[in-house]
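Please model the complete structure; the sequences and the hints are all you need to start from.
Take the sequence shown: its position 4, counted from the start at 1, is 19 in our numbering, and no numbers get skipped.
What the hints contain is simulated information worked out from the structure, not anything from laboratory work. It should be emphasised that the depicted structure is a prediction, and the values quoted were computed from it without experimental measurement. Ideal Cβ positions, reconstructed from N, Cα and C, are used throughout, including at glycine. There could be a bad hint or two in this list.
Cβ-Cβ distance ranges computed for the label pairs, FRET-style [as the list claims (entries may be wrong)]:
hint: 1; residue 1: 88; residue 2: 124; range: 16 to 22 angstroms
hint: 2; residue 1: 123; residue 2: 51; range: 31 to 37 angstroms
hint: 3; residue 1: 110; residue 2: 66; range: 41 to 47 angstroms
hint: 4; residue 1: 97; residue 2: 70; range: 43 to 49 angstroms
hint: 5; residue 1: 93; residue 2: 62; range: 29 to 35 angstroms
hint: 6; residue 1: 113; residue 2: 70; range: 35 to 41 angstroms
hint: 7; residue 1: 60; residue 2: 115; range: 22 to 28 angstroms
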Amino acid sequence: MRIEVKTGYNLKLTVRYQEKRYFDSHWRGNMLTWIIVSGLTSLIGGLLVYGISGTVNVDFLVPFAAGNFLYIGAADLILEIKKSSDVRGNVSTFVAFFCGLAVLLAMRFCFPHGH
16 MRIEVKTGYN
26 LKLTVRYQEK
36 RYFDSHWRGN
46 MLTWIIVSGL
56 TSLIGGLLVY
66 GISGTVNVDF
76 LVPFAAGNFL
86 YIGAADLILE
96 IKKSSDVRGN
106 VSTFVAFFCG
116 LAVLLAMRFC
126 FPHGH
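Shown next, in the form of structure tokens:
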């Protein structure tokens with residue numbers, strides 16, 4: 016399996032953009048510390064996987080990471096729906112989430128993996 020470095024950079028920028036909202040809150044100092052720690056663990060994990068990828072099969076890590084992202088998205092969705100009393104907004108958020116899952120499923124069938 017080949018993973019592009021550019022994809023990793025794009026993912027990191029997406030995560031940074033998502034965390035920007037915390038900088039505008041009163042938790043700025045505390046959040047900045049945890050964002051730096053989180054970034055360092057990503058770097059350490061990436062270097063570790065890169066180091067062992069020549070000797071150990073690490074193909075299972077990409078689906079594992081994808082599952083983590085789906086879990087985080089679903090957990091945020093449930094919290095957002097639970098906080099909001101707007102039924103129309105909740106339904107549209109729920110539909111958008113499942114449309115995203117449908118796109119992932121469609122990509123799975125359009126681009127089967129190679130072995």
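So which of those numbered hints doesn't the model satisfy? Result: no hint breaks.
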